[in-house]
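Visitor: In case you want the letters, here they are:
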Amino acid sequence: MGNFINLIQNELIKIYRLKSTWAMYIIVGIIIVGLGIFIKSYGEYMTYEEDSWRETLEAENQSLLDESEEFPGIAEFNQSLIEQNNYYLENDIIPVSYGAWQFVMENEMLLSLVSLFTIIVAAGILANEFRWGTIKLLLIRPISRTKILIAKYSSVLLFSFITAFFVLFFSWIVGLILFGFDGMNPHIVLEKNEGIEYVSVIGEILTGYGFSLINLLMMATFAFMISAIFRNSALAIGLAIFLMLAGNQIVFFFIERDWAKYILFANTDLSQYVNGNTPLMEGMTLGFSVTMLVIYYVIFVALSWVFFTKRDVAGY
Amino acid sequence: MPEIAMQLTNVSKRIGKKEIIKDLSFSINRGEVFGFIGPNGAGKTTTIRMMVGLMKITEGDIHILGKSIKSDFKQAIREVGAIVENPELYPFLTGAQNLKQYARMIPGVTQKDIDEAVRLVGMEKALNEKVGRYSLGMRQRIGIAQAILHKPSILILDEPTNGLDPAGIREIRQYIRKLAAEKNVAVIISSHLLSEIELMCDRIGIIKNGELVATQDVRENTSSTTQTLLQVEMEATPLDKALEIINEKTTAAQTNNKITFEIEKEHIPALISNLVEQNILIYEVSVTKSTLEDKFFDLIGENVIG
Numbered sequence: 021m022g023n024f025i026n027l028i029q030n031e032l033i034k035i036y037r038l039k040s041t042w043a044m045y046i047i048v049g050i051i052i053v054g055l056g057i058f059i060k061s062y063g064e065y066m067t068y069e070e071d072s073w074r075e076t077l078e079a080e081n082q083s084l085l086d087e088s089e090e091f092p093g094i095a096e097f098n099q100s101l102i103e104q105n106n107y108y109l110e111n112d113i114i115p116v117s118y119g120a121w122q123f124v125m126e127n128e129m130l131l132s133l134v135s136l137f138t139i140i141v142a143a144g145i146l147a148n149e150f151r152w153g154t155i156k157l158l159l160i161r162p163i164s165r166t167k168i169l170i171a172k173y174s175s176v177l178l179f180s181f182i183t184a185f186f187v188l189f190f191s192w193i194v195g196l197i198l199f200g201f202d203g204m205n206p207h208i209v210l211e212k213n214e215g216i217e218y219v220s221v222i223g224e225i226l227t228g229y230g231f232s233l234i235n236l237l238m239m240a241t242f243a244f245m246i247s248a249i250f251r252n253s254a255l256a257i258g259l260a261i262f263l264m265l266a267g268n269q270i271v272f273f274f275i276e277r278d279w280a281k282y283i284l285f286a287n288t289d290l291s292q293y294v295n296g297n298t299p300l301m302e303g304m305t306l307g308f309s310v311t312m313l314v315i316y317y318v319i320f321v322a323l324s325w326v327f328f329t330k331r332d333v334a335g336y
Numbered sequence: 003m004p005e006i007a008m009q010l011t012n013v014s015k016r017i018g019k020k021e022i023i024k025d026l027s028f029s030i031n032r033g034e035v036f037g038f039i040g041p042n043g044a045g046k047t048t049t050i051r052m053m054v055g056l057m058k059i060t061e062g063d064i065h066i067l068g069k070s071i072k073s074d075f076k077q078a079i080r081e082v083g084a085i086v087e088n089p090e091l092y093p094f095l096t097g098a099q100n101l102k103q104y105a106r107m108i109p110g111v112t113q114k115d116i117d118e119a120v121r122l123v124g125m126e127k128a129l130n131e132k133v134g135r136y137s138l139g140m141r142q143r144i145g146i147a148q149a150i151l152h153k154p155s156i157l158i159l160d161e162p163t164n165g166l167d168p169a170g171i172r173e174i175r176q177y178i179r180k181l182a183a184e185k186n187v188a189v190i191i192s193s194h195l196l197s198e199i200e201l202m203c204d205r206i207g208i209i210k211n212g213e214l215v216a217t218q219d220v221r222e223n224t225s226s227t228t229q230t231l232l233q234v235e236m237e238a239t240p241l242d243k244a245l246e247i248i249n250e251k252t253t254a255a256q257t258n259n260k261i262t263f264e265i266e267k268e269h270i271p272a273l274i275s276n277l278v279e280q281n282i283l284i285y286e287v288s289v290t291k292s293t294l295e296d297k298f299f300d301l302i303g304e305n306v307i308g
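Line by line, the protein sequences give chains R and S. Last residue of the first sequence: number 336 in our numbering, and the count goes up by one each step with no gaps. Last residue of the second sequence: number 308 in our numbering, and the count goes up by one each step with no gaps.
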């Protein structure tokens, strides 16, 4: 076991000593700060005072109504915002001012960037050893290839968790500095499929992160498999990113066919089963999707293992 | 009886239908420096890759201190330190960080072992520089340090003096001899530089088209071939008088300002003293073609090199 921790340590050193890894964190950092400054300077966030929150909300509603008349295209969207505001008024809840947690929630989309970076790392972690030639020194140690493979895969997952946590933590810090503290566990009103609900921001963040991580896990594992089979990181990155971006189009292209529900990308978004959403296709259930995901996952991992442990390391 | 460090028994390697290595059998003893030579593409690297488990053995087996590399990989490989082909290291890590990577993978390797290995290859100074900035010679030294960290019983080095300057080559050669003599390590060296193999090794195996065509004891070879003719090149003045004297013994030819001739080894001292007695000034005498080279070319044919 100590041995395994050493292997993980080795892999993390190799990941984090690379300049390209630092570039990823700097990019995410700049985007977060940029978004924060953008929101701050355009003032598209609200603060509410204890004695004047009703007036603020009513004024907000009025301006939303005016806006709707001017631009009928956004009327529907504004209407839902007005309904949310009315929920506060009707239930006599003081809305929380915009702050660190809500900023984190808005930055959830940055997880697709985390997916992208994880794909890059997963694609490189095996292929690079072949490219550098270091695979020959790595595999002549008293450690089985299976163990090295598991250590490398675990390190990819660790990297993605660290990066996702970085996005969360750094967003929170930037949010705190720019917008202030909005409480330990702020609740806001959001429009869900079952109507307007009063929900915990942290809860929303966790479910949002959770659903994104499933997609991330599948694509990273896919990139890792391609890397193990073809020993080429460019191919693995290219294929994984292409599928990540085109996955939904692929599903919609085949949506008329019965077998479309067996496509991986029809099942990666598990949020289709919660919040009263309608599943993509008839006959799909949460159990079905989870089963499909597990089957794909096992295939990816098994192929990675077979190709990495059974194949010769030859000099070409 | 010398203790056998590595034993190859009927090792064959097939890729598809092509047989790359054919029924290779030989053994290497502890404390012995074994040279592995052959033209490019003969199967040296494939054999070395099978020895360290990077390639699977199609038929036969390789035992390291009695443990099969096939079925007892972890126990067998623990006894092996190796550089396979080039000393490839992580270019974005320093020499020290590279060595630590490998130290972490083998139980029982301490910082003291790392320091000792670094001292032996003389890399203390550049240890904290990134490997990407190293010269090939420096990478070669870190490569060797990496191979000896865990004090292996068998050291496998592919072209170990590649990229080293003459002083470095001598240092490594002495070091390899010392390892074999003092630590009883079996050293396997592959090279296509015959002179190097001759200086470093006790025994050589010549491989051609995946077959072991001969194993040869280097010292035995030099003593048993005294009867064969050596090709000698000499620089002396006056040239014509020297030619005349040499021609009494053998047929000499003049090329540029040098004399070349063939002579039996045991006759060389007498010839030289004869020349000296006749007041001929000798600047240089050298054997241009070694017997090992002859043997090598006899076995593999000159044209297949390259």
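Treat the hints as calculated values from the structure; they're not laboratory data. Glycine included, C-beta positions come from ideal geometry on N, C-alpha and C. There's no promise every hint is true.
[Unchecked claim] A short list of chain S residues far from chain R (calculated; beta carbon distances all over 12 Å):
hint, residue
1, Gln9
2, Lys15
3, Ile17
4, Met52
5, Gln77
6, Gln99
7, Asn100
8, Leu231
9, Asn276
[To be verified] In silico DSBU-like pairs for lysine-lysine, Cα to Cα no more than 35 Å straight-line:
hint, chain 1, residue 1, chain 2, residue 2
10, R, Lys167, S, Lys185
11, S, Lys267, R, Lys167
12, R, Lys39, S, Lys127
13, R, Lys60, S, Lys69
14, S, Lys69, R, Lys330
15, R, Lys330, S, Lys267
16, S, Lys127, R, Lys330
17, R, Lys167, S, Lys72
18, S, Lys153, R, Lys330
19, S, Lys69, R, Lys167
20, R, Lys167, S, Lys24
[What the hints assert, rightly or not] So the derived list for chain S, only partly shown, Cβ under 8 Å to chain R, looks like this:
hint, residue
21, Val54
22, Gly55
23, Leu56
24, Ile79
25, Ala84
26, Gln103
27, Gln148
28, Ile150
Visitor: Determine for every hint whether it applies to the structure shown.
Guide: A quick look at each hint next to the structure:
With a minimum CB-CB distance of about 18 Å to chain R, S:Gln9 clears the 12 Å threshold, and the non-interface call stands. Not every C-beta of chain R lies more than 12 Å from that of S:Lys15, the closest at about 9 Å, which undercuts listing it as non-interface. Taking the minimum C-beta to C-beta distance to chain R, about 8 Å, the non-interface status of S:Ile17 is violated against the 12 Å cut. Not every Cβ of chain R is farther than 12 Å from the Cβ of S:Met52; the closest lies at roughly 9 Å, contradicting the non-interface assignment.
With a least beta-carbon separation of about 7 Å from chain R, S:Gln77 fails to lie farther than 12 Å from that chain, contradicting its non-interface assignment. Against the 12 Å criterion, S:Gln99 falls within the reach of chain R, whose nearest CB is about 7 Å from its own CB. S:Asn100, annotated as away from the interface, has a beta carbon of chain R within 12 Å; the closest lies near 9 Å. The non-interface label for S:Leu231 is consistent with chain R: the shortest C-beta to C-beta separation is roughly 40 Å, beyond 12 Å.
With a least CB separation of 54 Å from chain R, S:Asn276 remains clear of the 12 Å interface cut-off, as annotated. At most 35 Å may separate the alpha-carbon atoms for a hinted pair to count; R:Lys167 and S:Lys185 meet this at roughly 32 Å. Taking the CA atoms of S:Lys267 and R:Lys167, the gap is near 59 Å; set against the 35 Å cutoff, the hint is violated. Only pairs whose Cα atoms come within 35 Å are accepted, and R:Lys39 paired with S:Lys127 is accepted, the gap being roughly 25 Å.
Pair hint R:Lys60 plus S:Lys69 does not hold up; C-alpha atoms about 69 Å apart against a cutoff of 35 Å. About 20 Å separates the Cα atoms of S:Lys69 and R:Lys330, which keeps this hinted pair within 35 Å; it holds. A threshold of 35 Å between alpha carbons decides the hint, and for R:Lys330 with S:Lys267 the separation of about 54 Å lies outside it, so the pair is violated. With a C-alpha separation of about 41 Å, the suggested pairing of S:Lys127 with R:Lys330 is violated against the 35 Å cut-off.
At roughly 17 Å between alpha-carbon atoms, R:Lys167 and S:Lys72 fall within 35 Å of each other, so this suggested pair holds. Simply put, S:Lys153 and R:Lys330 have alpha-carbon atoms about 29 Å apart, close enough for the 35 Å limit, and the pair holds. Under the criterion of a C-alpha separation no larger than 35 Å, the hint pairing S:Lys69 with R:Lys167 is consistent with the structure, at around 21 Å. For the given pair, R:Lys167 sits about 32 Å from S:Lys24 by alpha-carbon distance, which is consistent with the 35 Å threshold.
Hint status for S:Val54: holds, given a least beta-carbon distance of 5 Å to chain R, under 8 Å. Given the 8 Å rule on beta carbons, the hint for S:Gly55 holds: about 7 Å separates it from the nearest Cβ of chain R. Proximity of S:Leu56 to chain R holds as hinted, the smallest CB-CB distance being about 4 Å (cut-off 8 Å). Checking S:Ile79 against chain R by beta carbon gives a least distance of about 5 Å; that is within 8 Å, so the hint holds.
Look at S:Ala84: its Cβ gets to within about 6 Å of chain R, closer than 8 Å, so that hint holds up. Checking S:Gln103 against chain R by beta carbon gives a least distance of about 5 Å; that is within 8 Å, so the hint holds. Because the smallest distance between the Cβ of S:Gln148 and any Cβ of chain R comes to about 7 Å, under 8 Å, the interface hint for this residue holds. Nearest Cβ of chain R to the Cβ of S:Ile150: about 13 Å, over the 8 Å cut. The hint is violated.
Hint compliance for this structure: hints 2, 3, 4, 5, 6, 7, 11, 13, 15, 16, 28 are broken, all remaining hints hold.
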